[in-house]
Amino acid sequence: MEELQQRYETLRAKIFKTQPAQVPLPGQVSLFNGYLLLKVIDDPLTRDINLHRLNGLIEKRNYSLFAHGFEVVDEEDYAGFKKLVEDIAAAFLAAGGSSLVELVERYQFLRPPF
Numbered sequence: 000m001e002e003l004q005q006r007y008e009t010l011r012a013k014i015f016k017t018q019p020a021q022v023p024l025p026g027q028v029s030l031f032n033g034y035l036l037l038k039v040i041d042d043p044l045t046r047d048i049n050l051h052r053l054n055g056l057i058e059k060r061n062y063s064l065f066a067h068g069f070e071v072v073d074e075e076d077y078a079g080f081k082k083l084v085e086d087i088a089a090a091f092l093a094a095g096g097s098s099l100v101e102l103v104e105r106y107q108f109l110r111p112p113f
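If you use numbering that gives the first Met the number 0, the sequence shown corresponds to residues 0 to 113, in order.
Simulated from the structure, these hints should not be mistaken for lab results.
A virtual CB, placed ideally from N, CA and C, is assigned to each residue, including glycine.
Just so you know, not all the hints are guaranteed correct.
Unchecked claim - Cross-link-like lysine-lysine pairs, in silico, BS3-like; alpha carbons within 30 Å at most:
hint : residue 1 : residue 2
1    : K13       : K59
2    : K81       : K13
3    : K81       : K59
4    : K38       : K13
5    : K59       : K16
Stated by the list, open to error - Between beta-carbon pairs, the in silico distance windows are:
hint : residue 1 : residue 2 : range
6    : N54       : P112      : 36 to 44 Å
7    : D41       : L99       : 19 to 27 Å
8    : V84       : K16       : 30 to 38 Å
9    : E101      : A20       : 38 to 46 Å
Given only the sequences and the hints, what does the whole structure look like? Please build it.
Encoded structure:
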């Protein structure tokens, strides 16, 4: 457990560009902390995820009207978040033997008539 704690603190400090400090492992796992913990244990699903980019996009989302904030999400921010979500979904599906491209081609999103 101590090794996990130390690796968590080191990676967190690297991402937030601070000195490593004693930061308790989260009791409740937020979106970012979940990916951080998966990266710390070297989960294959997070190997190609850029946590700096993820954190920046999560912050933009959190400050947006869609989450907790007061800012409007512009087209560039939306496109960046959409791309990240697609990349993560593709990695998760590939780990399970599926393909995001195949699933998108196979299924169609319904559009409500209103």
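Tested hints:
no., hint, verdict
1, K13 / K59, "holds (20 Å)"
2, K81 / K13, "holds (25 Å)"
3, K81 / K59, "holds (13 Å)"
4, K38 / K13, "holds (13 Å)"
5, K59 / K16, "holds (18 Å)"
6, N54 / P112: 36 to 44 Å, "holds (39 Å)"
7, D41 / L99: 19 to 27 Å, "holds (23 Å)"
8, V84 / K16: 30 to 38 Å, "violated (25 Å)"
9, E101 / A20: 38 to 46 Å, "holds (45 Å)"
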